[in-house]
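Asker: Take a look at the letters that make up each chain.
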Amino acid sequence: MSVWRALAGRGYLRSAWPWRAVAYLAGGALLGAVVLVVVLGGLVVGGALAVVLLGLPLLVLTALAGIPVAAVERWRLRVTGMGPALGGGHRVPDAPGLWAWLVTRVREAATWRELAYAVLLGLVLWPLDALVLFCALGIPLSMVAAPVFLALDGEAKAVKLWTVGTWPGALGVAVLGLALLATGAYALGVVAGARAELVRAVLGAKEDDGERVLHLVRSRARLVDAFEAERRRIERDLHDGAQQRLVALTMSLGLARLDVPPGPLADQLAKAHTEAGQALADLRELIHGIHPKVLTDYGLEAAVADAADRSPVPVDLDLHLPERLPQPVESAAYFVVGEALANVARHSGANRAAVSGGYGDGRLTLHIRDDGRGGTGLTGLADRVSVLDGTLSLSSPPGGPTLLRVEIPCRPRPSTDPCA
Amino acid sequence: MPATTVDRPLRVVLAEDSVLLRDGLVALLTRFGHEVVAAVGDADALLAAATEHRPDIVVTDVRMPPGFQDEGLHAAVRLREERAGLSVLVLSQYVQRAYAAELLDSGDGTGVGYLLKDRVGQVEEFVDALREVAAGGTVVDPEVVRQLLRRRRDPLTRLTPREREVLALIAEGRSNGAIARTLVVSEAAVGKHIGSILTKLDLPPADDVHRRVLAVLAYLRA
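Protein sequence lines, in the order shown, are assigned to chains A and B. Residue numbering for the first sequence follows our numbering, starting at 1 and increasing by one per position. Residue numbering for the second sequence follows our numbering, starting at 1 and increasing by one per position.
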């Protein structure tokens, strides 16, 4: 429920919404007055002292004052039922520490937008808030109180303009005041709503496209990293758990078979033994598909050789990598080669394939060639490579041959850190 | 290879970090009359135990604490460098040609075995392989051999399907007799196939089974 819906509905005057509007505007007037003193004071004092350098930190602090002001303003939106708005597009600093935070804040547009709002609040908005409160609440209230003033002072001044000396006159003014109070309640609601809209428009979530894209790119890379880490964890868990138990089981069954005389029981044991062995083989393949250990231990060159060995289509291999590459690059490249070879086997009808490549000029290059008629499903591969700023291109004329070309910019791992 | 297989009880140092499997392997080896003189759970303990007990054979897992990478394999290779002639049987959860290569390249390539962990389920064959390696033989997992054979290499295409089967069994480290039993043919027929294979691949004829295994493996890995 927002103040706008309340204004449109019935029973506005009896609801809490007029009071909330009053609270919102009064809070705005109060905050604005404080901001005026602090921000303008900071600017003036800081500017004056800047000559002797003392003022510079003060100026920087003042420049950042918009951030808490905006935070309070966003939070205050809930009084009007229109908030709180999402953050105003501040980025998370790249590094921990005060300096990184400061640099990030000073460089982003949101900080300056919020400062501009704070100045607007201090110079224009809060006097308006106060004025509207005075007109729509203060004046009607003073009119309603006219009979009281008459009883106390013998005369009452309505709006300090005309003096009322008689009871009928005072009562008339009071009735008029009540009517104005009702009208004012609506006016307060409208002004509070408009004021909140302004806050939302200026301070609400609003990243410019560049920041947004950067954000997305980073979060996607993080997602892929997390995904990769999760695969390694699953591989480790399966290896340490289910696989060991199955090996132990086949061993127990094998030993049991030694002690059992030929007969139905021996046959059943033999069957169970075979099944357990098959389950173990299946599990081994599954685990290899999740994350091949050879990639972690020996790197991309050995892992690609391994993938080539496993391929049902014969693969000529010419890949030479003198150094280990960063782990995300190795994973992505292996993934691409594995998928491409699987594709060759599944769809292309090729008789042979070739994988070649190497590292040079700050990039890993891979060519996967086959003499088949081309395949499908390379979108996932392109996505996987583009996360690392790499490119993937495909040349597949009708009837083949198909050439998949992958380039990923990277640097070799420092040799002191095998797990980088 | 009955001639070279030792039937005396072997003194074994075992390294396997999973307690479940370690206990199982101890039970299995004991069941066949061998003596596990030390059963340890990481590579450092393996190095220490092998130095202290001077066993006939070391049986180790590839992946062990603290890094869970290939510590067991490296410990095995190091032991072979330090003590020439020490037999080592490495058990791996996966077929990795790189693991097998590292192992076969240590020492002179004799007295080594590289098997998938799955094979311990075939208890009798496993114990045969253990004896074979302890006697100086070379045992390579059939899965590794299958991968080696799958690599495209023209002379291999000149082999008949039967000859390819025989070649795979040679590469796994089987004797003529064992090959004959597996394929259900006579030893003489196996001998003829082997002669034909060695000629087609341009390998020197070898009566010594160990050397023949090594020559075939070297050829396949080249």
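Just so you know, these hints were derived from the structure itself, not from any lab. Remember, it's a predicted structure, so these values are computed and weren't measured experimentally. Do not rely on the hints blindly, as some may be mistaken.
[Unchecked claim] Chain A regions said to be covered by chain B (calculated; three or more residues, Cβ under 8 Å): (1) 13-26; (2) 233-244; (3) 292-301.
Think of the CB as a built atom: it goes at the ideal place given N, C-alpha and C, for glycine as much as any other residue.
Asker: Against each hint, give a clear statement of whether it holds in the structure.
Answerer: For each hint, the structure was consulted:
Coverage of the stretch 13-26 of chain A by chain B is violated [criterion: at least 3 residues with CB-CB distance below 8 Å; count 0]. With a threshold of 8 Å between beta carbons, the proposed coverage of the stretch 233-244 of chain A by chain B holds, since 5 of its residues qualify and at least three are required. Judged by the Cβ-Cβ criterion of 8 Å, the stretch 292-301 of chain A is covered by chain B as claimed, because 6 of its residues qualify and three suffice.
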